[in-house]
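Student: Read off the chains here:
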Amino acid sequence: MQARIAFTVLCAVLAGCAQQPQNAQEFRQAVPGAFMGKVQTFEAKRPLAAVAKTFQARAPECLNVSVRTVSQSSTSYQNILTVYKATVVNNPQKAELHLQRDFKSGVLVPGKVPPGGLYYVVADATPIDKSRTRIDIYGPSVGTDTLVRAINGWATGENLGCPDMTKS
Amino acid sequence: MRAALAALVVLFGGCSSLKPYPSVAPENVVVKSALESGSILSSMRGSVHIHELDASCHSSYVGTVKLDRPSVALGLPAERASYLVFAFDGASFLGGTSSSTSAGTVLKPRAGFRYEFAVTYKDNIYNVVLRESDPRRGASREVPRQELRGCSA
Numbered sequence: 049m050q051a052r053i054a055f056t057v058l059c060a061v062l063a064g065c066a067q068q069p070q071n072a073q074e075f076r077q078a079v080p081g082a083f084m085g086k087v088q089t090f091e092a093k094r095p096l097a098a099v100a101k102t103f104q105a106r107a108p109e110c111l112n113v114s115v116r117t118v119s120q121s122s123t124s125y126q127n128i129l130t131v132y133k134a135t136v137v138n139n140p141q142k143a144e145l146h147l148q149r150d151f152k153s154g155v156l157v158p159g160k161v162p163p164g165g166l167y168y169v170v171a172d173a174t175p176i177d178k179s180r181t182r183i184d185i186y187g188p189s190v191g192t193d194t195l196v197r198a199i200n201g202w203a204t205g206e207n208l209g210c211p212d213m214t215k216s
Numbered sequence: 778m779r780a781a782l783a784a785l786v787v788l789f790g791g792c793s794s795l796k797p798y799p800s801v802a803p804e805n806v807v808v809k810s811a812l813e814s815g816s817i818l819s820s821m822r823g824s825v826h827i828h829e830l831d832a833s834c835h836s837s838y839v840g841t842v843k844l845d846r847p848s849v850a851l852g853l854p855a856e857r858a859s860y861l862v863f864a865f866d867g868a869s870f871l872g873g874t875s876s877s878t879s880a881g882t883v884l885k886p887r888a889g890f891r892y893e894f895a896v897t898y899k900d901n902i903y904n905v906v907l908r909e910s911d912p913r914r915g916a917s918r919e920v921p922r923q924e925l926r927g928c929s930a
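Chains as they are written, first to last, in this note's numbering: chain E, 49 to 216; chain L, 778 to 930.
Simulated from the structure, these hints should not be mistaken for lab results. Because the structure is a prediction, the values reported are computed rather than measured. Be aware that one or more of the hints could be misleading.
Claimed, not checked - Derived DEER-like restraints, expressed as beta-carbon distance ranges:
no.	chain 1	residue 1	chain 2	residue 2	range
1	L	Gly840	E	Val131	57 to 67 Å
2	E	Val87	L	Asp845	35 to 45 Å
3	E	Ser114	L	Cys928	44 to 54 Å
4	L	Lys899	E	Ser114	15 to 25 Å
5	E	Gln104	L	Leu925	13 to 23 Å
6	L	Leu818	E	Ser189	33 to 43 Å
7	L	Arg914	E	Ser121	54 to 64 Å
8	L	Ser800	E	Asn139	24 to 34 Å
9	L	Ala802	E	Thr123	44 to 54 Å
As the list claims (entries may be wrong) - List time: in silico DSS-like cross-link candidates among lysine-lysine, alpha-carbon distance up to 25 Å:
no.	chain 1	residue 1	chain 2	residue 2
10	L	Lys809	L	Lys899
11	L	Lys809	L	Lys796
12	E	Lys215	E	Lys178
13	L	Lys796	E	Lys133
14	L	Lys809	L	Lys843
15	L	Lys809	E	Lys93
16	E	Lys86	E	Lys133
17	E	Lys86	E	Lys142
18	E	Lys215	L	Lys843
19	L	Lys899	L	Lys843
20	E	Lys215	L	Lys809
21	E	Lys215	L	Lys899
22	E	Lys142	E	Lys178
23	L	Lys809	L	Lys885
24	E	Lys142	E	Lys215
Ideal Cβ positions, reconstructed from N, Cα and C, are used throughout, including at glycine.
All chains, full assembly: derive it from the sequences and hints.
Tutor: Here's what the structure looks like:
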């Protein structure tokens with residue numbers, strides 16, 4: 049995880065992101081053109097209301113977590129505390145899941161950190177028709193596999209488990 | 778170096794403060810677990826840390842049950858709130874990396890009822906599902922996890 053965190057911060061610096069996205073919309077705009085940014089899209093065969101309900105139920109429970117990661121070798125010791133904050137915004141036309149992360153120790157972050165932490169992943173659910181929903185996930189292209197699978201599971205209703213955020 | 782050593786002492790000191798959860802009758806809770814690390818180069822261990830809650834929802838650590846068998850039974854005091862923290866502790870054999878994630882829930886068992894936790898960890902996704910059953914009526918229902926923040930012991 050330390051490598052991923054360092055990599056994420058390095059990417060932000062190299063991409064000229066010293067001005068960090070301060071809200072979800074800025075994050076959406078920044079990701080497609082960012083170095084190692086990625087937008088993933090998939091379809092859930094459930095209506096938007098069902099997807100939104102699952103986001104509302106699972107995201108706070110699963111994603112409002114603190115993760116402490118300890119790594120040690122004969123020459124080094126790292127102790128990183130990361131606090132994640134999930135926000136779900138639902139309206140009749142769209143459901144949004146915002147995930148921010150705040151490094152409380154062990155990581156130096158360049159630029160201004162928005163309240164709640166750096167935007168890490170934003171997932172938008174919009175209706176395709178009455179029974180299908182499109183999911184767009186904005187985030188880094190590496191290190192979010194588990195998180196994306198979990199969001200996919202919530203959207204489809206096939207797996208309501210929580211992602212192990214020590215692996216994200 | 779001193780800071781690292783101090784942190785290590787605290788880390789390992791914290792581990793040694795764990796103690797087995799005492800046997801409480803009746804055994805009204807069963808924890809069924811299926812945990813997979815997903816790699817031969819890493820391990821995943823599960824455990825439940827049990828805290829008792831007072832009327833103000835202040836927690837007091839009582840003990841820990843290791844989830845080292847597919848099914849583990851334990852007893853929680855009926856009509857009293859307990860806070861159960863399911864911990865998933867991963868360790869990588871390469872690089873000396875360890876990590877821990879957890880999910881907690883408040884449970885106030887009703888007298889005469891039985892509770893079953895289904896705990897899974899697979900492909901880095903975990904789930905803790907609680908069901909309450911009434912052996913007298915044969916009825917059961919899923920109980921949502923209750924966070925400590927919303928506690929009303």
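Student: If you test the structure against every hint from before, which numbers come out violated?
Tutor: 1, 3, 6, 8, 12, 13, 15, 24
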